[in-house]
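Okay, here's what each chain looks like letter by letter:
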Amino acid sequence: MSRYASTYKFILILMIAAVTTLRAEAQRINFVTWAGSSSISVLSSSGSNTLAFGTMFPGKTKTIALTGSDAFALEITAESGYEIMVSLNSPQVLNGPSGSTMPLKLRFAYYNQGTASLTMARAGAVEVPDGFTSVIFPIRMTTSGIPAPPPVPLDGANTSRAREKAYLFVYGSAGPSVANAASGDYSGNISITVDYYQ
Amino acid sequence: MKNSIKSVIAIMLILVPAISVTAQNTSSTTAQVTSTLLTQLSLVKNSDIAFGQIATGTTPTLSANSSTKTAVGSDATLGKFTVTGTSGATVKITYDATVTLTNGGNAADGQLTFHPSVYRTVTTGATYGQTSIASDATYTVNASSSSATAGTDYIFVGGSVTEYNSNNAIPALTSSLKTGNYSGTFNITAIYN
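Protein chains in written order, with the working numbering: chain W, 1 to 198; chain V, 1 to 193.
Take the hints with a grain of salt, since some may be wrong.
[What the hints assert, rightly or not] With a straight-line Cα cutoff of 30 Å, these simulated BS3-like cross-link-like pairs (lysine-lysine) come out:
(1) W/Lys60 <-> V/Lys69
(2) V/Lys69 <-> W/Lys62
(3) V/Lys69 <-> V/Lys45
(4) W/Lys60 <-> V/Lys80
(5) V/Lys69 <-> V/Lys80
(6) V/Lys69 <-> V/Lys92
(7) V/Lys80 <-> V/Lys92
(8) V/Lys45 <-> V/Lys92
(9) V/Lys92 <-> W/Lys60
(10) W/Lys105 <-> W/Lys9
(11) V/Lys92 <-> V/Lys178
(12) V/Lys45 <-> V/Lys80
Calculated directly from the structure, the hints in this document are not laboratory data.
Note that the structure is predicted; figures quoted are calculated from it, not measured.
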């Protein structure tokens with residue numbers, strides 16, 4: 001019996017440790033667990049997947065503003081009630097002819113107050129602070145600033161969940177080119193990843 | 001006691017998987033960032049504007065769009081500049097509306113006014129221009145250049161010389177004008193527009 005008692009105590013300690021861990025994680029409700037097969041879609045609203053700075057003068061910087069129609073716009077669609085994490089991966093330079101490079105500095109902003117025109121979304125977009133490469137926000141924030149209520153659990157009568165749309169804008173500046181930079185076309189690729197936040 | 005231990009282990013086995021079950025819904029997209037860097041714009045002087053020997057009672061004139069030279073010296077030359085930039089890009093040319101020429105650098109010894117006339121051409125080896133360029137006007141850098149990124153234009157500057165502060169409507173230099181070497185500086189700039 002005493003042999004079992006020590007084993008029992010050991011297992012109890014393990015359980016307490018496990019439960020303690022669970023409590024620490026339970027401070028934030030993780031609705032992702034119930035996200036099921038609902039996927040996130042990310043589509044360009046700009047007509048093409050290009051952020052074009054156009055022609056640039058040697059030694060000069062060109063800026064695409066958040067409010068400019070040439071800012072790269074994306075529509076993110078995800079299940080209502082969830083938070084999403086958006087990550088922007090951008091190179092620091094654009095590559096050009098003969099190994100020449102051009103500095104690139106991009107930022108991004110989001111609008112999560114529901115479906116809107118691009119103009120309206122740009123005007124109300126929240127800018128992610130300079131230097132940050134990811135941001136977490138609810139797919140739908142009410143205009144009062146209060147997050148939407150948590151999703152209603154699915155059941156036999158409620159088999160699918162509403163989806164919400166948020167907007168993402170990528171903008172920033174390119175240049176200045178160095179004095180001996182080769183003229184011609186410069187380019188680079190950025191990637192935007194959207195996850196349900198866990 | 002064995003049953004108790006089994007129950008505890010069973011509970012633990014239920015708890016551990018529950019912690020790790022999460023949905024992995026991720027979406028990503030890529031975009032291309034592009035720009036086109038223009039060729040460094042350059043404006044190089046190839047020759048000065050020279051009227052040579054001129055005389056009172058005349059209106060010395062150098063045509064910038066023909067070989068016509070009126071009342072100028074035999075060594076008179078048009079000013080010539082070469083503009084190099086990105087083919088097809090828009091460039092703005094700005095130059096002085098008039099230039100004051102002074103006798104030996106001293107205004108007290110006499111002054112003349114130079115009225116420039118500016119023409120451009122894309123023809124290599126041309127001796128005068130073809131298309132007039134007004135100051136502050138824009139034009140397209142040699143779009144027919146064989147190079148994808150570089151284009152060259154030639155700018156010719158001629159014009160006439162009149163009495164100081166006069167205009168072309170006053171034709172001849174007066175006989176009161178002092179003899180000497182009259183000179184001044186003509187400023188011309190080119191920038192991408």
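Hints violated by the structure (listed by number, smallest first): 1, 2, 10 and 11
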